[in-house]
Amino acid sequence: MPRPTLPTLLFTLLLSCLPGFAAEPAPAAPPPAAPTVIEYATLPDVAYSDAAPRCRLDLYYPRNSSGFATLVWFHGGGLSGGNKYLPEGLKGQGIAVVSANYRLMPQAPIEACLEDAAAALAWTLRNIQASGGDPRRVFVGGHSAGAYLATLLTTDPTWMAKAGFPEQRVAGLLAISGQMATHFGLRAQRGMPPTQIQADAFAPFFHIKAGLPPILLVTGDREMELYGRYEENAYYARMLRLAGNTRVTLHELQGYNHGEMVKPAEALMVRQLKAWCTELDQAKVPAAP
1 MPRPTLPTLL FTLLLSCLPG FAAEPAPAAP PPAAPTVIEY ATLPDVAYSD AAPRCRLDLY
61 YPRNSSGFAT LVWFHGGGLS GGNKYLPEGL KGQGIAVVSA NYRLMPQAPI EACLEDAAAA
121 LAWTLRNIQA SGGDPRRVFV GGHSAGAYLA TLLTTDPTWM AKAGFPEQRV AGLLAISGQM
181 ATHFGLRAQR GMPPTQIQAD AFAPFFHIKA GLPPILLVTG DREMELYGRY EENAYYARML
241 RLAGNTRVTL HELQGYNHGE MVKPAEALMV RQLKAWCTEL DQAKVPAAP
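Residue numbering for the sequence shown follows our numbering, beginning at 1 and increasing consecutively.
Derived by calculation from the structure, the hints in this document are not laboratory data.
Check the hints yourself; a few may be wrong.
[Stated by the list, open to error] Across the chosen pairs, the derived CB separations fall in these ranges:
no.	residue 1	residue 2	range
1	Asp-281	Tyr-85	39 to 49 angstroms
2	Val-37	Ala-188	23 to 33 angstroms
3	Thr-36	Ala-201	40 to 50 angstroms
4	Thr-42	Arg-126	16 to 26 angstroms
5	Tyr-235	Glu-39	23 to 33 angstroms
6	Ala-243	Glu-279	44 to 54 angstroms
7	Arg-241	Ala-283	14 to 24 angstroms
8	Ala-243	Ala-41	32 to 42 angstroms
Keep in mind it's a predicted model, so treat the numbers as computed, not measured.
Glycine included, each C-beta is placed from N, C-alpha and C at the ideal position.
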């Protein structure tokens with residue numbers, strides 16, 4: 001086709017300026033796609049074991065998603081109190097949260113606390129896929145006594161083996177002001193004061209080794225925390241790294257005591273969970289089918 005001459009172009013331009021003349025409109029751009037709105041659901045008081053009435057958990061999950069990560073969360077309370085709850089900062093983050101109760105001391109021995117925590121984690125690994133989650137992206141964490149339980153489940157294979165998982169299946173640990181020595185509740189039963197440290201098989205210190213999953217440690221202000229809690233976590237982080245674990249992060253939240261530090265720690269947990277999931281994506285770890 002011959003190219004239009006200059007007079008033809010000028011004539012066309014002149015016509016477009018005349019009343020009643022309208023050039024053919026350009027096709028309208030398609031409207032932007034509406035963002036997907038994630039909806040969440042809760043399954044309350046699910047029995048994960050028949051060992052005791054307290055063996056119940058709540059599952060909070062994005063019900064119109066698939067392949068999402070899950071955090072199994074254990075409450076604090078010195079192993080002698082407390083109840084399951086959903087941390088506010090973890091809501092609406094595209095992840096599932098399993099919040100579990102467990103038997104308490106002194107009515108039950110410390111072994112029962114650990115067996116229940118392992119059973120709750122095992123239930124999640126077996127059942128989260130039915131709700132759309134990826135069992136290969138199950139993380140574990142907790143605050144205080146809950147962090148102590150989560151840490152032992154991650155580092156001492158004894159408890160998960162009893163629950164039917166002899167191989168490491170945790171994708172990462174988020175320990176929020178956890179005890180790394182033998183828990184003070186157990187030491188108190190042995191007649192020991194809280195300032196007397198012990199590190200036997202019930203201490204995360206006892207199970208430091210290479211090959212652990214990534215770990216996030218968060219404490220409050222070292223001058224406002226429970227007895228040496230920051231120093232325990234700092235020493236634990238150092239020894240983990242010396243054992244060959246390179247993905248260990250420690251945060252000290254200055255100005256916050258043992259209870260106050262949970263809220264700001266939630267933002268750190270969300271950020272770390274998303275970073276770990278991005279690492280899994282980049283490593284081409286697909287979601288479970």
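Violations among the numbered hints, reported as their numbers in ascending order = The structure conflicts with hints 1, 2, 5, 6, although it agrees with all the remaining ones.
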